[in-house]
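Novice: Each chain, written out:
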Amino acid sequence: MKVMVTGASTPLGLAIVEHLLALPDVSFVLAVGKDRRPVGLVDTGRLRYLAVDLSHARVAHDLVWGDARLHLINTVIHAAQHRGAHDTGRGVHLQNVESTRALLAACEDHPSIRRFLLRSFAEVYATPHTTTQLLVEDDPLELSPGAPQWVRDRVEADFTACAHVGGTLKVAVLRLAELVAPDSGSQLWDYLGSRVCLRPLGYDPMINVLSLEDAAEAFRAAAQSTAIGPFNIPGADTLPLTRAIEESQRFSIPVPGPLMSPMYRLRRRVAGFDFRYDMNFARFHFGGVLDGTRAREQLGYAPRHPVHWPHPWWRELLDRLAADRATVDGARH
Amino acid sequence: MAVTGAFHDAGYGFDVFGLSPPIVRRAAALGAPLYERYFRVDSRGAEHIPLEGPAIIVANHGGVLPVDAAMLCLDVLRNTPRIPRAIADHFVPRLPLVSALFARLGVVSGTAANVRRLLEDGELVAIWPEGVAGPAKRFGLRYELQRWRVGFAEHAIRHRVPIIPAAIVGAEESWPLALRLPLRVFGSPYLPVPMSPLPLPARYFIRYGPPIVGEPTQVYRDAEDPSAVAALAERARLAVAHLMSQTLAERHGVFR
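Residue numbers (my numbering), protein chains in the order written: chain H, 378 to 710; chain A, 2 to 257.
Simulated from the structure, these hints should not be mistaken for lab results.
Yeah, the Cβ is synthetic: ideal placement off N, Cα and C, and Gly gets one too.
One or more hints might be untrue.
[What the hints assert, rightly or not] Cβ-to-Cβ under 8 Å is the rule here; a few derived chain H residues that face chain A:
id, residue
1, Gln510
2, Val513
3, Gly570
4, Val573
5, Leu575
6, Leu578
7, Tyr580
8, Asp614
9, Thr615
10, Leu616
11, Asp655
12, Ala659
13, Phe663
14, Val666
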């Protein structure tokens with residue numbers, strides 16, 4: 378299997394690349410990122426890194442028909458999306474949606490590419506009161522005009538890929554539960570990064586979160602399968618929001634719902650965080666856990682790795698010291 | 002009281018819907034005086050509830066707030082080792098405080114995906130097929146079954162699970178509805194105004210009937226057949242109506 382991975386300079390892209398390189402049946406990985414080469418990603422006989430800005434359709438086309446054709450790539454994993462929730466505008470849209478459209482169009486009649494996997498998001502689902510608790514692939518998507526661009530772009534990219542399902546290219550859309558990891562655009566990571574977490578009074582929804590290891594494993598399973606269509610990819614951790622706050626060792630303060638948005642806007646202005654309460658309103662009130670039955674049955678994916686919660690700096694330091702001591706002790710024995 | 006039935010821990014002591022057995026145990030202990038002394042629940046037929054495996058309890062619905070549902074759940078908890086998974090209307094998860102509490106007690110929003118998952122997990126599901134129409138009816142219509150939804154029968158055929166009919170008598174007189182205010186607070190269809198500020202101590206009678214199973218020849222695809230679904234739902238409705246009229250005839254008075 379020869380795989381091209383876009384978004385390779387992000388934590389998820391890196392995890393996918395490392396996961397694929399560990400597989401004996403993956404003979405080559407073409408890692409594509411917008412930024413310069415990440416530390417630790419060294420070109421070898423099995424890996425090549427390219428810095429490419431996919432927001433230009435011509436560049437995307439040339440990548441697929443140039444380097445990808447040269448290396449006989451047969452599977453494309455498109456995981457490059459803009460991460461900042463507050464960033465808007467045409468440039469962001471180009472990166473989120475038009476790059477997907479351009480890549481799909483270029484892959485359709487490609488001589489070697491047969492498989493296309495899109496990284497999508499649990500946030501594409503509309504979570505009104507009628508679809509709470511367990512979200513299946515058939516549930517309605519968020520199409521309200523008031524939705525933030527971050528969500529609208531992801532829904533459009535998801536739709537664009539789903540429109541290609543059934544053609545010669547085997548397209549699968551992996552709707553990932555929220556990745557709780559730094560620098561991955563995780564709203565929850567940002568939310569839990571604060572010492573005090575405000576939560577809506579009277580609600581304690583169930584949330585499901587995904588680790589990088591399980592996300593990479595889901596892409597591996599999908600790449601080795603021929604199943605097409607959308608797949609929910611839940612994580613191994615399903616817990617109430619209050620428990621997630623507790624796990625991250627933060628203080629939780631219940632606040633009347635209407636005050637949440639202004640308070641988090643103020644926090645963003647003062648401290649510069651990326652968390653948007655308006656984007657997480659439905660999730661923080663009604664929850665929504667992805668049902669991974671389809672992925673389990675058709676891709677053979679089952680989450681196994683719990684997430685690493687964002688702990689306070691002193692706790693991270695203590696954990697690191699303990700890990701170092703364990704390594705030294707292990708070496709001594 | 003063992004409330005450790007088919008609990009599927011999602012990793013932190015809760016299942017995917019938010020159920021927490023320790024909270025159920027605490028709530029059952031707190032509700033015991035209501036069950037034993039205030040409503041003096043008289044329960045018969047709990048032996049019809051399977052001790053394991055998926056099953057659906059269907060019951061009549063009445064009274065301003067779902068006190069009847071709470072009593073039925075308490076009754077199941079006291080008479081079987083199972084935690085009943087009550088199916089609530091879609092607006093319930095929108096209600097502040099109630100949504101969080103109900104989720105911990107095992108209440109689940111009535112979507113097809115949720116019910117399917119519960120039955121696949123081997124849970125005991127409790128459904129009130131009248132929905133809001135039951136509690137919303139006039140006092141004069143008490144113990145008259147309202148429009149009977151059929152979704153539960155579809156699930157019963159699809160997953161080949163038994164339906165246990167149940168009748169709850171006492172709820173209609175305990176807390177009758179006086180008025181429905183057309184206020185859609187948090188998505189609720191109306192704001193109920195009860196005749197009394199608190200439920201009256203009417204005696205509750207809960208009766209379970211023998212399990213109803215679909216035709217032995219029915220297969221998975223028959224769940225798509227509207228006539229097969231309607232027929233099974235009607236059998237369950239008649240069984241509940243029969244149990245209800247039998248219990249009403251046996252009863253010596255509302256408060257006795």
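Novice: Work down the list of hints and note, for each, if the structure agrees.
Specialist: Verification of the hints:
1. Gln510: Holds. Min distance 5 Å.
2. Val513: With Cβ-Cβ at 5 Å, under 8 Å, it holds.
3. Gly570: Hint violated; H/Gly570 Cβ to chain A Cβ min 20 Å, cut 8 Å.
4. Val573: Check failed: Cβ of H/Val573 comes no nearer than 20 Å to chain A, outside 8 Å.
5. Leu575: The hint is violated - H/Leu575 has no Cβ within 8 Å of chain A, the shortest such distance being about 15 Å.
6. Leu578: holds, 7 Å
7. Tyr580: holds, 6 Å
8. Asp614: At about 6 Å, which falls below the 8 Å cut-off, the nearest Cβ of chain A leaves the hint on H/Asp614 intact, so it holds.
9. Thr615: Nearest chain A Cβ about 4 Å off; hint holds.
10. Leu616: holds, 4 Å
11. Asp655: Violated, about 18 Å.
12. Ala659: violated, 11 Å
13. Phe663: holds, 5 Å
14. Val666: Hint holds; H/Val666 Cβ to chain A Cβ min 5 Å, cut 8 Å.
Hints 3, 4, 5, 11 and 12, counting from the list given before, are not met by this structure.
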